[in-house]
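K.L.:
The lines below spell out each chain.
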Amino acid sequence: MRALLTLLLHLLLAAAAAAATSSRGVVRSGLVNTNVIRTVDLRALPAVKEQVGVVVQNEHDSKAYKSYVVVVSAAKRDSLAHLSVRERKSGVELEVTKLGSEDDADGNGGAQLYQASFSHALQPGEKISLNVDYVFLNTVAPRPAAVGQAENQGWEWADDVLVQSVYSTKKQKTVVRTRGDIRDFTQIAAGGGATKDKKAVTFGPFTDGDARDEPGLGGMRAEVRFTDNAEQVEALTHRREYFVSHWADDLNVLEHYALRNRGPGIDGDFDKVKQTVSRFMKARDNFVKLLLVKVPAAARNLYVVDEIGNVSTSAVTGRHRPKGEQPFKVMQLKPRYPLAGGWNYTWWHGYSVPLGGYLKVDPTRRSRHMLRVPFIGAITASSAQSEMVPLTAFDSQNVAISNYELRITLPEGAADIDVRTPFDVDGVSMQPTSYYFDSTGRTVVVIEQRRVSPGTSNAHVLVTYSYSAGSLWQKPLVIASVLLVVFALASVLSRMRMGLSSTVPGPMARMGKKSSKTE
Amino acid sequence: MVGKVLGLAVADQASLLRLAILGLISIVAIGSRLYSVIRFESVIHEFDPWFNYRTTRYLVNNGFDKFWNWFDETAWYPLGRVVGGTLYPGIMVTSAAIYNALHLLNIPVDIRNVCVFLAPVFSALTAVATYYLGKEVKNATAGLLAAAFIGIAPGYISRSVAGSYDNEGIAIFLLVFTFFLWLRAVRLGSALYGALAATAYFYMVSAWGGYVFIINLIPLHVFALLAMGRYSNRLYVAYSTFYALGTLASMQIPFVGFQPTFTSEHMAAMGTFGLIQLVAFTHYLRALMPAGHFQTLLRAAVAMLFALGAGGLVLLTMRGVIAPWTGRFYSLWDTGYAKVHIPIIASVSEHQPTAWPNFFFDLNLLMLLLPAGIYFSFRELTDNHVFLILYSIFAAYFAGVMVRLILTLTPIVCVMAGIAMANVFETYLDFRGMTAQTTGAGDTTEDAKAPATSAAAAAAASVAASVPPGSPARPALGKRLYAYFPKAVVMVNFMYFLFMFQLHCSWITSSAYSSPSVVLASRAPDGSQHIIDDFREAYYWLRKNTPQDARVLSWWDYGYQLAGMADRTTLVDNNTWNNTHIATVGKVLASDEDTAYELARRHDVDYVLVVFGAMLGYSGDDINKFLWMIRIAQGVYPNDVSEQAFFTADGQYSIDDSASPTMKASLMHKLCYYRFNEVMGAQGFDRVRKQKLPSNVELHNFAEAYTTENWLVRIYKVKDLDSLGRSHRAADAFNGPRPAAPRRVPF
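Top to bottom, those sequences are chains A and B. Quick note: the first sequence, position 178, residue 178 per the numbering used here, numbers continuous. Quick note: the second sequence, position 646, residue 646 per the numbering used here, numbers continuous.
Just chain B, with the same shape it has in the complex:
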């Protein structure tokens, strides 16, 4: 029974099983992220991925040097954008490297497909990295469970489905991998692993702004260990290596530059570095001095150094040498901060505070296992477990502040859940007290589930083998049942939980996270899928039927998509680096037609694009975002735009005939509802706002250039001045009212 299988010894069997399971987890991790490709197509999703995709294409086509020095004059017209210096190049370089490697093998793969499938492939790597992390902090069982969890946890899938070509796609892998290397460096006191951790950290810095999380969490870990009196030479070696190399490496990324030396976000790491030097020095001194002298010296030195350090920090911050905390940072502590001070951050849905159901939605069972994992970590508190606990607490807090940060919480939750589940398995699948015959039949299935308890299993198996079959040592049936029953009940329960978890994950992945948002889908009454492709219809129209240098004004949400799909110049995009420019665009859309026309002409705008969901009932349209545009515009132009003026007298946000005059005069309102009532008929109403349509919308200075099939996107051309140099509204007013043209549609 315990003999060799396939000619392999037990330990090799276990390692083969581990490999096979890890392989299967990788396949599941990749597979469950492909819903979007199967349901829709191999397409880049959302907004930011379009920018990444576009820059990757640029990198592949033009080479690294040009990419590094790329000044993109088609974005932020007329300012332009230094692309090479304002992005995290990690993901583009990764894709380009894969692309070039494949082409070296003469595999003519399209760069788009590399980009689309990058995140799923990296999620498989994340699972492997999580396995090693779990193995590092507990054992292979915990590692495999954690890997399985992170493979399918919706909290991570939400950012890594095929087509979601964003920094997070590779950054989570790097986050987990850096932490794994760090923990191993601390455990072994190895400069090699410290250096490897620094390398992984460098890759992380190049890939995602979230690297700040690492560079704060690791010093925090070190600080906590120091505070707990757990200083060791291993820790000193690990941190000194990591910090020195990691910081130098991170400064090579132009977008980061010298920030590690003067911004507040990086000060903790630097301070900890200084501290650990002092502590190390103290330890050295203590070895040389008598205890009494040492105590006095220590107290004096600590007090002095603390005062000096804190004073220096405050001074430097006040002098502006150390950059003050940014708004985004404040919003991490005060969730109401952004709404008041930086509407542009608050207007993004993923920056909202997390609602409780979101945790359950994204983590399900794992959420319940997290406290158990923390408990188990406390029980055997090694240096590594301190790290896990710190990570859990901080990530949980940040995840509560901002929806998108559930992403950083997910890996630790998976690891903690893995630890908790591994403990459950070890306790309830431990049959060492039991007799041989029953184990033979009973644990084969569970053994497959948790083969990584190989040591225990092997031990149990050897015990089993030593008892000859059919021996008289068989206890009474009742006694056996008594021994098994509780274990069976607990295991059945947990198995049920795990199955439900798997079901939940698949369901969430397929229903919530696999929509590209570029392409919309609706169900016909007969259940067949109907694709609504208005966005690409409009973008492709722009791409093919407007001059190459045409400038398109739209709200910033569509900037990256416009650049990527329509290949036209935009005024603002999702980079949102220039609030004034965005506010100007908001002002154009919120002003009356004449003001807007003048502004648009001054900015050389050729086309104006609005997204309008009233026909389909698409609630994410520009009229619903309009309030944010107004707020952002008001922040910069308080004299020209006033939010109050857009509400009716009784405070309603309405668009029909009862709307406020400012609302009805605004360009946004006009562009959206222009002639819309003619196609909807007299009874027509706005399916998003559930209001009647405005009955009379006049437009003079802008001409309809294209409207998509479902009216989702409307594009207008900014007319030239007429031959007398007047705006068309002035000309129309001079010519008198238009004859009652047969505009009415028989419906």
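So here's chain A without its partners, still in its complex pose:
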């Protein structure tokens, strides 16, 4: 059975390799894509939401198929943040497994294959409709790469005209939707060609006949250039740290960010005059001037620091309580300098919240603690001249995180640690560390994830650990006993007579003299 599976896998890989090297090359599989509709949603940049609706038919005479293979091309595999496959009618999500390892990339032209398992095998002649959802981050690039400080920002989306698949595709089309006006797009002669409809461009439909007639079509790139003035920011690295303190009933949150404005750079020189004037006139320009961070309403001791000290130009709003959400405050962080396209900014901020809202004790086993904390925080960048940015700004989710690290520092003495993440992550590990007067040290849970898909801000991590009352008293006892030893030593030392000669009055002698004086 196992051998058979491996064989199948090798077959598939070989097929994929063929598919990647020549897009017309397909597997001699019984499965056929009868219709593929790809919708590329560019309205939530920097996240590109791609949905491929595919109707799959089993045209094999006898064989039943249990799974469907999805291809992520070499160009896009390093920006994939999310992939899921659903059955369209029932909405049931299929289980997706990654095929091959990361290093295996050469084997199939750099493309990455995923295998989605059907809930029941697809019998010969049977059809199934699948929705494959991808989220890619930071794949849309500014074009032109530099514009004037207050000019409109142009962007370019580019991808293969034809959807890559390991199966043969009978008919397909691609719809690209944008938020701003479309400036330009690739003209295609074959098949359904390329048509523009207000804020959408449709490529296709193309049949497999078109692809045969027009040999260039397979390798052809479709490009859409459009205007979009919304901010796009990439978090090159983001680290969120939690510090759990049972003694202080305190959950300390610390967030590190290294941001880069993805927008087009400044064409020519930086123009302070223009920037000052547009600030006074409240006119639009391309600088990111404000970063908004959601913090819990109970947050206290907020601070913002960067590598060279406090950033004193920040503020916190009052409490907001939208329906169906936890109450929150908004930290309005003003970077030291406005961020033009391509400029970087690094800082960190932190706050404390009462631990009670995040920690539950297992009612059956008193020492068992359950810590449930948000997987990630919400941040949004704004280029508005006014600091009164409406809360809807958070919906734009315009900060794409490329490298994310979550660290949860548990109290000293926490044991039997169990971590549950809301979805599969790239890595979970435990590291030892020591903080304030720790004697035995404590554990840090480290969760790593490259490219966090937007929309995960409601996800939570659950950490369960044992923490006994004895551990709670460990530190005070250790400190007390150390102090006791120090005092005892000092006491003994002060009573010892130093020096060789007995004629020199030692401390003892002097003490004796002193006391005799008082008598």
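FYI, nobody ran anything at the bench for these hints, they're computed from the structure. Be aware that a few hints might be false.
Now the stretches of chain B that chain A is said to cover, found in silico as 3 or more residues with beta-carbon under 8 Å [what the hints assert, rightly or not]: (1) 541-555; (2) 669-683.
Some chain B residues well away from chain A (every beta-carbon gap over 10 Å; in silico) [claimed, not checked]: (3) GLU46; (4) VAL93; (5) LEU105; (6) ILE107; (7) MET251; (8) PHE273; (9) LEU285; (10) LEU297; (11) ASP383; (12) ILE393; (13) VAL403; (14) LEU477; (15) ARG602.
In silico lysine-lysine, BS3-like type, Cα no more than 27 Å apart, as pairs [said to hold, decoys possible]: (16) A/LYS127 - A/LYS98; (17) A/LYS274 - B/LYS487; (18) A/LYS334 - B/LYS717; (19) A/LYS282 - A/LYS323; (20) A/LYS173 - A/LYS89; (21) B/LYS625 - B/LYS692; (22) A/LYS63 - A/LYS98; (23) A/LYS89 - A/LYS171; (24) B/LYS690 - A/LYS274; (25) A/LYS173 - A/LYS127; (26) A/LYS49 - A/LYS282; (27) A/LYS63 - A/LYS170; (28) A/LYS329 - A/LYS282; (29) B/LYS692 - A/LYS274; (30) B/LYS717 - A/LYS274.
Fair warning: this is a prediction, and the values are worked out from it, not measured in the lab. Quick reminder that beta carbons are idealized off the backbone N, C-alpha and C, glycines included.
Start from chain A and add chain B according to the hints.
P.N.:
Same frame as chain A, now just chain B:
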């Protein structure tokens, strides 16, 4: 009444009180230095502390060996700087040691916070050391008063507020502590204390160039004692131990090296060492010889040795074996020297001669008490008092020559004031002639103030106790008043002075000495504080948005900050060791655009940074410093830069359209005023110079890269040659005048 309190005997009560008071003084000393942290933040101040902070971070991150051998290629581009061999490592090693100790206890403190709070903590130690010094020369009362004074004296606070991470922060403690150990060594004739003094001196040498003060003052003390005929074996033991060990130890610091053996500053110590050997030998001989022979021998020997020694010294100095006095030294004797010969020293404000109000500003009441203290020292002239008097006189002189040397004056002023106040207290709080009942109520408050007169107090108290309450020995009311009134008047007066002193110190500390100068603050009309953070805005921009190896040209004042905050390569910095290089930078800024461009390209400059205060009215900006840059450049390049050319025909230093052509053509002028009139409008004027703005500033070879919110810092990029290998000015000239671009801003 005199019984045990808390089960402690009177002497123990007094020592507990002393401890408590010393503890409170320490807390006050630390507390009053925290204004800057509370008002602003935990940030490194000023300029030099940024270098110390940066090197400390390097030490913490890379370990001692690497630190010792650190060659910093990002400073003084393209020369570089041997950091390990050109600094006093004391403060860095101290911070790193504290940092490592705390981390050993698993306290994850940030090195920046260690650095920020180092000076306040050491000021508490200074207070303790001053207490011991005061106790050594007079008694515990004087010690406590001196400790209280130095805890809050603005003259010392000016260099030791939180964030002022400079050598002086720990050096003053070491200065006082070394002197205390020295005095104790002299009093006891103890080789142990002499060795301890040498150790403290070694620490001092490792921490501050001001150690020269110690190594001249102590020999002077010895010499004075010898001249006064106060030679003793105690003195011989103390000085021989101290000098031998101290000198050997000090030579272990690479920056000092063999200087103690051949520079003029150290010759006095060496000469005194020789002298005391001779004197000791003479004393030995006298014990063996008849008086008459001895006199003859002595005269001949003294004359010969003096001639030999002086001749040798002159010869060696002329041959260059002994290094001649440095310029900084001459400027200590002739205050006008630096201005003429070394403009780079004169251009620093803290090297200016002290104005009289400064003494009052920094020392207030203490200044008045200093002569009183000297008087009291003369009255009971012990070896220690000779030292105090010498210290007072010399420190007072140096403080008058250079503003920054008020710092070395402050400890002795505090000790002297402590002695004077202690005498006042002892005289006017002495109730031993008085009756018992009144003392009970009257002196409790004062007793708390001056508990250290414990011996006297205890005696008085015992007298009081011996008189039973309500005894008939009660004198008439009038007589009592007559006895008390003058004492009360004097004490009330002095208490008032002390309160005013405390008030003055707090006020000065909070208003004058607690500004980080990296961060500026202004008051909004409603009284709220508005932070102006342009410097860090610019530095952080450089740090995050320029290539790691970018070279930034700026005037040397900003060198350390650029290295510390922007983490970029600089051409010159506050180390000022290479006058030519600084003059070159001055020349770049003072030349016309083409010359400057060529020079900048030759030095691989990527960015030019200028500080420009015209929008805010910040008077410490580069245009105001420009004259010094010109002078320094002229000192090295007299043919290229001439100070006169920057003044108008009628001798005005103006920047508007009436400025001299050289001024208008200079790079500094252009970089500062480039497009500034566009944002200020037609009526705009320079808020620092109170002049109209120049109407037309053209810039070709430099491109604006960043300007901060309040235009305080402007950064320009040095453009590359264009594709034909021409400078942009040449290219623009070839292409003809630019079209009238819609540059005008509607205002």
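K.L.:
Could you run down the list of hints and mark each one as holding or not?
P.N.:
Going through the hints against the structure:
1. With 4 residues bearing a CB less than 8 Å from a CB of chain A, the region 541-555 of chain B meets the requirement of three and the coverage assertion stands.
2. For the region 669-683 of chain B, the proposed coverage by chain A is satisfied: 3 residues have a C-beta within less than 8 Å of a C-beta in that chain, meeting the threshold of three.
3. A cut-off of 10 Å between C-beta atoms confirms that B/GLU46 is not in contact with chain A; the least separation is 14 Å.
4. Listed as a non-interface residue, B/VAL93 keeps its Cβ farther than 10 Å from every Cβ of chain A; the least gap is roughly 24 Å.
5. For B/LEU105, the shortest C-beta to C-beta distance to chain A comes to about 6 Å, within the 10 Å cut-off, and the non-interface label is violated.
6. Annotated as non-interface, B/ILE107 brings its C-beta within 10 Å of a C-beta of chain A; the closest such distance is 6 Å.
7. Annotated as non-interface, B/MET251 keeps its C-beta farther than 10 Å from every C-beta of chain A; the closest such distance is 31 Å.
8. Listed as a non-interface residue, B/PHE273 keeps its Cβ farther than 10 Å from every Cβ of chain A; the least gap is roughly 29 Å.
9. With a minimum CB-CB distance of about 31 Å to chain A, B/LEU285 clears the 10 Å threshold, and the non-interface call stands.
10. Every CB of chain A lies more than 10 Å from the CB of B/LEU297, the least distance being 39 Å, so the non-interface label holds.
11. The beta carbon of B/ASP383 sits about 22 Å from the closest Cβ of chain A, which is more than 10 Å, so the claim that it is off the interface holds.
12. For B/ILE393, the requirement that its beta carbon stay farther than 10 Å from each beta carbon of chain A is met, with the minimum near 37 Å.
13. At the 10 Å boundary, the C-beta of B/VAL403 stays outside the reach of chain A, the nearest C-beta of that chain being 28 Å off.
14. The Cβ of B/LEU477 sits about 36 Å from the closest Cβ of chain A, beyond the 10 Å cut-off, so the non-interface label holds.
15. In this structure B/ARG602 is separated from chain A by more than 10 Å, as the shortest Cβ-Cβ distance comes to about 23 Å.
16. Of the supplied pair hints, the one linking A/LYS127 and A/LYS98 holds, its CA atoms being roughly 24 Å apart against a limit of 27 Å.
17. Simply put, A/LYS274 and B/LYS487 have alpha-carbon atoms about 73 Å apart, too far for the 27 Å limit, and the pair is violated.
18. For the suggested pair A/LYS334 and B/LYS717, the alpha carbons sit about 25 Å apart, so the restraint of at most 27 Å is met.
19. Taking the CA atoms of A/LYS282 and A/LYS323, the gap is near 32 Å; set against the 27 Å cutoff, the hint is violated.
20. Taken as a hint, the A/LYS173 and A/LYS89 pair is honoured in the structure, with Cα atoms around 21 Å apart against an allowance of 27 Å.
21. Annotation: proposed proximity of B/LYS625 to B/LYS692 holds, straight-line Cα distance about 19 Å (limit 27 Å).
22. For the proposed pair A/LYS63 and A/LYS98, the alpha carbon gap of about 24 Å is at most 27 Å, so the pair holds.
23. Restraint check for A/LYS89 and A/LYS171: satisfied, since their Cα atoms lie roughly 20 Å apart, inside the 27 Å limit.
24. Our distance criterion of 27 Å between C-alpha atoms is met by B/LYS690 and A/LYS274, whose separation comes to about 25 Å.
25. Our distance criterion of 27 Å between C-alpha atoms is met by A/LYS173 and A/LYS127, whose separation comes to about 19 Å.
26. Our distance criterion of 27 Å between C-alpha atoms is broken by A/LYS49 and A/LYS282, whose separation comes to about 33 Å.
27. Using a Cα cut-off of 27 Å, the hinted pair A/LYS63 and A/LYS170 holds, with the two alpha carbons roughly 20 Å apart.
28. For the hint pairing A/LYS329 with A/LYS282, the CA-to-CA distance comes to about 25 Å; that is within 27 Å, so the pair holds.
29. Our distance criterion of 27 Å between C-alpha atoms is met by B/LYS692 and A/LYS274, whose separation comes to about 22 Å.
30. As the CA atoms of B/LYS717 and A/LYS274 are separated by approximately 18 Å, the hinted pair is consistent with the 27 Å bound.
This entry does not satisfy hints 5, 6, 17, 19, 26, going by the numbered hints stated previously.
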